[in-house]
Amino acid sequence: MAKLINLNQILNMSKKLLIYLILFVPLLLLNAQKNIPNIPIETFRGTYTTMSKELNEDSFYIISFWATWCVPCINELDAINEVYDDLSKEMDFKVLAISTDDARTKRRVKPLVNGKAWKFDVLLDENHDLKRALNISGLPHTIIARKNQILHRRVGYAPGEELGLLDKLKEYEIK
Amino acid sequence: MKSNKPFLFLIFLFVLPKIYSQSDSFFYGSFETNGVYYQESESLAYDKKFASNSYLNLKYNLNNKFVFDLQTESYNPQPLQNYSDLLEDTFVSTFSINFNTNNFNITTGTIYEQFGSGVLLRTWEDRQLGINNSLLGIRTSYKKQNLSLVLLGGYQKKSNTISEGKVFGFDSEFTVYENNNTFNNLVVGLSYLGRLEAPHYVSYPFNDLTNSFSGRLDYNSDSFYSNYEYVYKSEDGIIKDEVLSETFVRSGNAHILNLGYFKSGIGLDFTFRRLENMGFYSERVEFGNPYFETTLNYLPALTKQHDYLLTNINVYQSQPNVSFQDPSIMKAGEIGFQFDAYYNFKKETLLGGKYGTKISLNISKWNNLKGSYDYQNENYDLDFLGFGVKYFSEQSLEIRKKWSENFSNIILFVNRYYNKKYVEDSFGEIDSKIIVFDNTLKLKNKKSLRFELQHLFTEDDKKNWFGYGLEYNFNFNFNAYFNSIVNYENEIAGKPTYSNFGVSYSKNANKLILSYGKQRGGLMCFGGVCRYVPEYKGLSFSIISSF
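Chains A and B, in that order, give the protein sequences. When the first sequence is numbered by this note's numbering, its final residue is 192 and no position is left out of the sequence of numbers. When the second sequence is numbered by this note's numbering, its final residue is 556 and no position is left out of the sequence of numbers.
These are computed hints drawn from the structure, not numbers from a lab. Quick caveat: nothing in here was measured; it's all calculated off a predicted structure. C-beta atoms are modelled at their ideal positions from N, C-alpha and C, and glycine is treated no differently. The reader is advised that the hints may include incorrect statements.
What the hints assert, rightly or not - Every beta carbon over 10 Å from chain B, so not counted as near; a handful from chain A, in silico: (1) 61; (2) 105; (3) 107; (4) 108; (5) 112; (6) 138; (7) 163; (8) 183; (9) 189.
Stated by the list, open to error - Simulated restraints on C-beta separations: (10) 435(B) with 104(A): 50 to 56 Å; (11) 70(A) with 224(B): 26 to 32 Å; (12) 260(B) with 105(A): 52 to 58 Å; (13) 111(B) with 75(A): 35 to 41 Å; (14) 70(A) with 205(B): 37 to 43 Å; (15) 75(A) with 260(B): 52 to 58 Å; (16) 75(A) with 239(B): 44 to 50 Å.
As the list claims (entries may be wrong) - If you want the footprint, here are the derived chain A segments under chain B, 3+ residues with CB under 8 Å: (17) 129 to 136; (18) 147 to 160; (19) 169 to 178.
Let's have the full structure, built from the sequences with the hints guiding it.
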């Protein structure tokens, strides 16, 4: 086995990992309250807005990072769209779908959103400024925020999870 | 970049929060690691070896005014197969200090930026492809609703070093007309990018400074939009036979026209693009390197980006360059178009059924630039709107249908032509048809099952493929999958089969994936950018976490 895997190298790497963890884990505990950074972001009309302008109302926001080529992202947003009308009667929340499509697929965003008749607002994060600022590495990535304050984050989507997300919203509403 | 400076920066990062302890100040970051134990690999350097890529990114937000950013990367004991050899050991990869008010922003250190659609400049990170072509320098921007101005300059990151060439530029966008009642607006954009690199040894017949410009017009209304961009790159040497030519010197240009129409339930989009000699690098001799080191612009293939295993065989990669590899394959760029249509058949209609039906159609066609090519004299003369040899064409139709509360599926048809000879500078042409059935069944108690069938029909190249996949979600957090593709008509290589089994666990913004299997080698494409990857069999793990 020692020949198959260089144990020393793995040990070495584990040591480095451990150092990282010892150094950085306490940092994570330092601050619980995190905000959505206020950075400029492009609207559907080619003009700019800022995240603080978009998140200015005193309500819950479901912020979903997606892309036109990401099948689970579309599944999630289609599913949210299905239940949106019924649930927005029950409670006050807004959905912001942040497209991370770059120059390759960005032109497809507007026709796709309309073709699917999604009812929520879409913003364009073409060169991933917001995605990078929030340290998002996998799609879909969904954030529940109240105003600009992050309450919950979630990577990935499993069928039916849109209802789980809404349950989460209800939990926070009671709090 | 291997110096103590980043560590001073780290101390800075730790000390500052103690000085200012405002409530709006906080740490956040992400950690990602991807490791593979290569049980078997086509590449000898990896056979029976372990490799991993890890990324730790930390940011400190100070009172929503300053953001300090530091990324450390580790490639131990070696980077994953087909990442640049320059990536070794552990090093500080990117770092920046960013000052931000509502409209004004200044960044020193690592800069990610894009001008227009990226044909002039795009610096970005793609970990799957191993691209990080960010600039190390200074950038200032002023952005408000109807105005955007960016000014930047610096050196380009080249794995764990920086480029020799300097890069500087500005980008501007103005809304010149706006009517809020009719939702009409017209946005004008102008950009400049200069690349200064003095080539060694020889006095070349072109300037050290290459100037490039982009002008664009963007018109939007409540149901129609159009966009046109023109890019020009001044005369520069062409790389021929992997050497910067002393005699072959040409300028480059790009035209991109985009038109779209939409209303609720329908969306149409058409894009025309013509690229001529548009490859642009901060170090000229890095032209065409497989790791995209020092690439300055983003010229992705404008085709449908697929997400299924068999649809990702014979994927088009854009052809923006002058390439005189061989008198029988001479290229100067590409010309072509792409059309997309989305339509929603409403609920309770004949085709919509109880839950509605969504369809999307994509048509694309890309050709070489038509003209006369002279191999001997290193020259070409092009017809502006002429379509030369066909590189690629595709028609695809996707139907998404929900049949009941618990069952839905996606059916995808693809008809594709791929000119392997021209696109990969090899030989052969491939006509193929692909069909995919992707079915999702929701079960009780947050469980669900997804099963997938795929077939690729072709008489060419490696002949027919069959594929299937199963994915079971035990709950919203835990899932297991198995997929397999078989090249069952490939008699020469003995019916290659690529099967993979994996489990994944995700909780909040953390995900852990463990998988074992055999990966197909060949051209792997993410986001329209492709790279060759040798075939391998092994055990992989992946951790991603945002905090």
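Structure-based check of each hint:
Distance check for residue 61(A) against chain B: the nearest CB is about 8 Å away, which does not clear 10 Å, and the non-interface claim fails. With a cut of 10 Å on Cβ distances, residue 105(A) stays outside the contact zone with chain B, its closest approach being about 17 Å. No Cβ of chain B approaches the Cβ of residue 107(A) within 10 Å, the least distance being about 19 Å, so the stated non-interface status holds. The beta carbon of residue 108(A) sits about 20 Å from the closest Cβ of chain B, which is more than 10 Å, so the claim that it is off the interface holds.
In this structure residue 112(A) is separated from chain B by more than 10 Å, as the shortest Cβ-Cβ distance comes to about 16 Å. Every C-beta of chain B lies more than 10 Å from that of residue 138(A), the closest at about 14 Å, which supports listing it as non-interface. Annotated as non-interface, residue 163(A) keeps its C-beta farther than 10 Å from every C-beta of chain B; the closest such distance is 15 Å. Taking the minimum C-beta to C-beta distance to chain B, about 13 Å, the non-interface status of residue 183(A) holds against the 10 Å cut.
At roughly 14 Å, the least C-beta separation between residue 189(A) and chain B is larger than 10 Å, which holds for a residue marked as non-interface. Distance hint for residue 435(B) and residue 104(A): a CB-CB separation of about 54 Å, consistent with the stated range 50 to 56 Å. Separation of residue 70(A) from residue 224(B) is about 29 Å and conforms to the stated range, judged on CB atoms against 26 to 32 Å. Residue 260(B) and residue 105(A) have their C-beta atoms about 55 Å apart, which keeps the hinted 52 to 58 Å range intact.
Distance hint check for residue 111(B) and residue 75(A): the Cβ-Cβ separation is about 20 Å, which falls outside the suggested range of 35 to 41 Å. Between residue 70(A) and residue 205(B) the beta carbon distance is about 39 Å. The supplied range of 37 to 43 Å therefore holds. For residue 75(A) and residue 260(B), the Cβ-Cβ distance of about 55 Å falls inside the hinted range of 52 to 58 Å, so the restraint holds. The beta-carbon spacing between residue 75(A) and residue 239(B), approximately 46 Å, falls within the hinted interval of 44 to 50 Å.
Proximity of the stretch 129 to 136 of chain A to chain B, defined as three or more residues with a beta carbon under 8 Å from a beta carbon of that chain, is established by the 6 residues found. Coverage of the stretch 147 to 160 of chain A by chain B holds [criterion: at least 3 residues with CB-CB distance below 8 Å; count 8]. For the stretch 169 to 178 of chain A, the stated coverage by chain B is satisfied: 9 residues place a CB nearer than 8 Å to a CB of that chain, which reaches the threshold of 3.
Taken one by one, the earlier hints fail for this structure at numbers 1 and 13, listed in ascending order.
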